[in-house]
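Could you build the full structure based on these sequences and the hints that come with them?
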Amino acid sequence: MPAETGSSTACSASPPVPVNEIDRSCRTPVVFLLACSQAWLVIGLLFGVISSIKLHGPGFLSGSEWLAYGRIYPAAQNALAYGFAAQALLGVGLWILARLGRVTLQGAGIPIVGGIFWNLSVALGLLGILAGHNTAYDWLEMPRYASGPLFFSYLLIAICAIMTFKLRRECALYVSQWYLLAALLWFPWIYSTAQLLLIIFPVRGVLQAVVNGWFVQNLFDIWLGSLGLAAIFYFLPKTLDRPLHSRYLALFGFWALLFFGSWGGMYAGAPVPKWLGSLSIVFKVMTLIPLLAVGLNLYRTMAGKWSAVKTDAALGFVALGALCYLLVGVVGILSVLRTVSERTLFTLFTPGMTNLYLFGFVALTVAGAMYYIVPRLLEAEWPSGGTQTFHFWTSVAGIALVTLPLLFGGLTQGAKLNDPQAPFISVVRSIIPFLGLSTLGGTLLLIGNAALLGRISKAMLATCCGSCCPGLLSASQKPRALASGGKV
Amino acid sequence: MNQGPLIFLGALLALAASWCGMVVVPNVQIGRQQQVAAGPSNSRYPAIPSGEAQRGRDVYRAQGCFYCHTTNVRQSGAKFDVVLASAGTNKAALASGLRAARPGLTPAEVSQIMEQAPKPVLQGLTRAEAETALKHLTVPDAKAEIILVPTGPDIERGWGRRMSVAQDYLFDQPLMLSKQRIGPDLTTIAARQRDPSWHLLHLYNPQSKVNGSTMPPYRFLFEKRKIGRHPSPDALQLTGEDAVEPGYEVVPTERARALVAYLLSMDAQFGLFEAPLPVEPKRPDATTNQPSATAPTNAAPTNR
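Protein chains in written order, with numbering that gives the first Met the number 0: chain A, 0 to 487; chain B, 0 to 303.
Because the hints were derived from the structure by calculation, they are not lab data.
It cannot be assumed that every hint is accurate.
[What the hints assert, rightly or not] 27 Å max Cα-Cα, derived DSS-like pairs, lysine-lysine:
id: 1; chain 1: B; residue 1: K78; chain 2: B; residue 2: K142
id: 2; chain 1: A; residue 1: K273; chain 2: B; residue 2: K178
id: 3; chain 1: B; residue 1: K134; chain 2: B; residue 2: K118
id: 4; chain 1: B; residue 1: K208; chain 2: B; residue 2: K223
id: 5; chain 1: B; residue 1: K142; chain 2: B; residue 2: K118
id: 6; chain 1: B; residue 1: K78; chain 2: A; residue 2: K273
Laid out in structure tokens, this is it:
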């Protein structure tokens, strides 16, 4: 159980801050980050669906240069990674740091300013990509006039997080705090390295691929991975109302992830010194160790309480997100083995894995966290029944359709690419049905998440209006104070 | 207890280690790569791209062509051919050598090989097999050599004659290797498709050139305009459903022309020491001052 319920040695002389006071301090910054991230998720999905349609219907919107496949596709990817995943997980992370530290969010104005600039930078970056200012580096496509401000916005959010951590009233640390601390340190280092060596003082030739590969590896496996695991390790025990199975196993998994997950990023057969590819494979295989540690720990924590998934929406989402994390990890390890990677390299398999990561692991975990946090922060009515069931099942079906067809389509495509007798155009035609299915999946995700965005906006409006001019609300719409009655 | 600093330091150590290993060390190893002498005229490779090709590269980047096209030829291994370069005068000894190297040969085939030299004697061998065969052919005055032939699906598709190596990308700024092959690899597209008007028509409407293509059209790189006093010599020869109404013509913009110039610059695949090309065996009277990079017998074996 996260430390906030146990009473142990306090870090400072001051007593722990009451929960509803903490929540009040988080309200504006955290809800702002979460709501904006949900909006980027919807935008990213919309762009993603457009680009996916273009792959099987090349004539679709082909007259517009700004919407050309090579522009809207990277725009979608960046909206999802920076607009959605990073922002949402940072928002959740701030709240977790405040709750676990039993202290109010420090300097809560700072993350609001940081959040506003973060969103402006992402918007500017996407416009830049659509205008043709793509830098051409994987997951770093945003032009330099957007990546600079993005970096400084991040620092603002991180400063607030570190301050909240430093001034915590609860001294003992919980697993989630380790992951958050590592993640906070990781991003500025990898992002500034990548920006310096690729954009500002660019290295020559294939070294660019090496630096880019290292950045992507760390961005996903360590940074977003740690932020996501912090949320999973917090919410799973919390919603189950029981302690984490083993703190030592978690500690072991944490260090193993940091040391094994941060190396790599090159694939076998890349035109770089051969040892880089081999080393990347070795380290990727070793990430099986942290993966098993995390998997076992979560499994043992859940054991015997599986049915709780059905009744608690937050738990359902987070548990499924954790499952997707483990799946991405295992399939990712299998896919770097030479016999497999020969077949999956350069195919739809790669975007299939990215989809499983972003929509499975990140989006489900964030959704679970939001179902828990937002009603407590807004003290408002929250979707139950209809919207929630709809969101859950469109998510499940959508994720299945944006991953499985691409993974299997990638294997088919790879087998045909490696058969020189198969004419290339037959390879092109053979992937069309798979792409069609993934367009369908993207559309489902888009609809489900647009519905959720609608509900969040409505709840935010209700809270805003409720606090400014209470008379406007009719009795039935009056926000119910969940924080006092509900489980906190 | 306060483990905050401990975690922070540990994470810093992990991060710094991977940064040194995966960023600093590769930079030290290949950061000082320079042009090398390669190719028949011993020119500097890779060549510094021309201004127009460089502008075309920028169009390629801005349009994101690399989200569908790789420029990275893979090679799964190499085979070795044994070639008789010249028969010389010692016919009887060479004939028995040939029969020892390839037992099934009939006398007629033996004399045919000797007459038609340079001629392959054995193809698709491992290196060891090729070396054994070569020993039989080391007859005074005759000349035989081993030739390395890169293999792999990419090469058999005709996407390149050897694998891509670091040297090939020395001046690629930004580098656009790509991770997706929705379309074919373009490393040597100029060698496959030399005709600029094919490229222009293909960009204007890919489906008109390749039936069933899913490449998107890039019509916005062209301009439709009223024919002036004289029709433009650059106007596209559009037929069928693409044809424009009489009195109008479609001409490529500056960007489309630069893009095609870039595509037509993508063919340099010289043999390099680390990635040799299969070379045509030389007649003995040919010049002998070939660069060592193309000499097949001392080539580094490649089996990525």
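Against the structure, the hints come out as follows:
no. : hint              : result
1   : K78(B) x K142(B)  : holds, 20 Å
2   : K273(A) x K178(B) : holds, 18 Å
3   : K134(B) x K118(B) : holds, 17 Å
4   : K208(B) x K223(B) : holds, 20 Å
5   : K142(B) x K118(B) : holds, 11 Å
6   : K78(B) x K273(A)  : holds, 20 Å
Taken one by one, the earlier hints all hold for this structure without exception.
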